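Given only the sequences and the hints, what does the whole structure look like? Please build it.
UniProt numbering puts the last residue of the sequence shown at 410; the count rises by one with no breaks.
It cannot be assumed that every hint is accurate.
Here are the simulated SDA-like pairs of lysine to any residue, each with C-alpha atoms no more than 25 Å apart in a straight line [as the list claims (entries may be wrong)]: (1) K377 / V396; (2) K186 / L164; (3) K90 / V46; (4) K90 / H127; (5) K384 / S304; (6) K274 / A23; (7) K35 / F399; (8) K384 / H127; (9) K35 / F100; (10) K69 / L365; (11) K401 / D389.
Note that these hints are calculated values from the structure, not bench results.
Small disclaimer: the values here were computed from a predicted structure and weren't measured.
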Amino acid sequence: MAPKSKFLLKDSPPEVIQASDGAPKGRSYNASYAKQPGGVRVDDLVVGMKLASLAITDNKPKTLKNTAKSNPWQEEAMTMIAGSREAAHKPLSELLKTLFNLDVDCVIDVSGIKQGRALDTQGFIAHNDEMIVLSYRCTTSALDWITNLSTTSSEWEPDVDIELGHAGWCSCILGYGCLGGSDQVKKPRVHTGFYNNFIHSTPMILEHIKPLLTETEKPRKLYVCGHSLGAGIATLAAIYFLLEFEWELLPQKLIMVTAGSPRACTNSMGKIVKERLAELRPMDKAFFCRIVLNEDVVSKVPPSGIGYTHVGRLVYITKDGEILINPSNDHILDADDVEIQKLIVDSQKPEQRPEEENDDSSSTLKERNEKYEKMLKMIPGPFKDHMPDFYLQPLVRLFEKEKNGATFEK
Numbered sequence: 001m002a003p004k005s006k007f008l009l010k011d012s013p014p015e016v017i018q019a020s021d022g023a024p025k026g027r028s029y030n031a032s033y034a035k036q037p038g039g040v041r042v043d044d045l046v047v048g049m050k051l052a053s054l055a056i057t058d059n060k061p062k063t064l065k066n067t068a069k070s071n072p073w074q075e076e077a078m079t080m081i082a083g084s085r086e087a088a089h090k091p092l093s094e095l096l097k098t099l100f101n102l103d104v105d106c107v108i109d110v111s112g113i114k115q116g117r118a119l120d121t122q123g124f125i126a127h128n129d130e131m132i133v134l135s136y137r138c139t140t141s142a143l144d145w146i147t148n149l150s151t152t153s154s155e156w157e158p159d160v161d162i163e164l165g166h167a168g169w170c171s172c173i174l175g176y177g178c179l180g181g182s183d184q185v186k187k188p189r190v191h192t193g194f195y196n197n198f199i200h201s202t203p204m205i206l207e208h209i210k211p212l213l214t215e216t217e218k219p220r221k222l223y224v225c226g227h228s229l230g231a232g233i234a235t236l237a238a239i240y241f242l243l244e245f246e247w248e249l250l251p252q253k254l255i256m257v258t259a260g261s262p263r264a265c266t267n268s269m270g271k272i273v274k275e276r277l278a279e280l281r282p283m284d285k286a287f288f289c290r291i292v293l294n295e296d297v298v299s300k301v302p303p304s305g306i307g308y309t310h311v312g313r314l315v316y317i318t319k320d321g322e323i324l325i326n327p328s329n330d331h332i333l334d335a336d337d338v339e340i341q342k343l344i345v346d347s348q349k350p351e352q353r354p355e356e357e358n359d360d361s362s363s364t365l366k367e368r369n370e371k372y373e374k375m376l377k378m379i380p381g382p383f384k385d386h387m388p389d390f391y392l393q394p395l396v397r398l399f400e401k402e403k404n405g406a407t408f409e410k
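In structure tokens:
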């Protein structure tokens, strides 16, 4: 984590800006700027992060209980959202109804090998009179996911690939190793793995969401959310909505909120997304943001050096929990292969791998907290920074401050 002094912000002290050789970029969260068209609003961040976290569960019995055995941080995040450990284990439909008055339209569950492609996509679609939600589930093992990450890219042609049910084979071959900046590449390209998972969720998107995006429908917010692997898929789903619908004519608003997202598209697609968002920003019709906590390792892959890029405004949470909007990311979001491989090796050491949790329903709250804190000490910081409960805490604090009247003016 870079020291705070390395963040040269537009609201940094004048003497700090004057003493610097570079130009300031970004600023601390400010409620006044949040109200401007395209502004980052903490209520959208909190809603998006909670909806992304809720995708870890479904309506099946014991889903969260089984996940929490090796991923207790998922249960911690769910407990924060639901209000108690007991409530966290309720069915997804009940949680969404209680917390957001949302009705579940469909639970997404596509996994296995289909047409030679490995798929692992879960999540949900829900709506009420004020919002529509498409949320994709995170991976339950960031370590395993990073270890097996492919960098292959595919041409962005959803109209064709939705009919096929996957990215075209020739498209993937050309994109081996990304080729994000190659002159041979004429169409924008995106990460093949995330793209295939997105493509397999489109039948549900077309059935449940598309009918709600019309000029005669209610002016709802469409939240497209995800954490980790789910964030990569959510990014491509949000791009699909951004490019395929005429938001200038629709009463709805598109909002993408991702947390700990890997890079999901190449520079060619990144440029198109940036230009389209700029067109819609004065109308406050579309907003993309990606939240990154401190040194979260997943946000650093696939490498930018082979043509991959992030899209959307950066909401950066410092080690101390400060929320920065679009700061310079030159020194915080790139890691070379050596650094990533070292983290993987360190995580695989026996002393660094937490034991799978046994059923501790009879344990006291204090005992569970002590066990959780002990386990966290064994996990390398960049993997710890990927945990959803650590993302939620500073966002909820900021939301509570704003709700209680703090202005954040500087």
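Hint-by-hint comparison with the structure:
Distance check on the hinted pair: K377 and V396 sit about 24 Å apart at the alpha-carbon level, within 25 Å; holds. Under the criterion of a C-alpha separation no larger than 25 Å, the hint pairing K186 with L164 is consistent with the structure, at around 21 Å. For the given pair, K90 sits about 21 Å from V46 by alpha-carbon distance, which is consistent with the 25 Å threshold. Of the pairs offered as hints, the one joining K90 and H127 holds, with about 19 Å between alpha carbons and a cut-off of 25 Å not exceeded.
Simply put, K384 and S304 have alpha-carbon atoms about 22 Å apart, close enough for the 25 Å limit, and the pair holds. Note on K274 and A23: the hinted pairing holds, with a Cα-Cα distance of about 21 Å set against a maximum of 25 Å. With a CA separation close to 14 Å, the supplied pair K35 and F399 stays within the 25 Å bound. Between K384 and H127, the direct Cα distance comes to roughly 32 Å. Violation of the 25 Å bound is thereby established for this hinted pair.
A distance of roughly 23 Å separates the Cα atoms of K35 and F100; the hinted pair therefore holds under the 25 Å criterion. With a C-alpha separation of about 16 Å, the suggested pairing of K69 with L365 holds against the 25 Å cut-off. Annotation: proposed proximity of K401 to D389 holds, straight-line Cα distance about 19 Å (limit 25 Å).
The structure does not agree with numbered hint 8 stated previously, though it agrees with all others.
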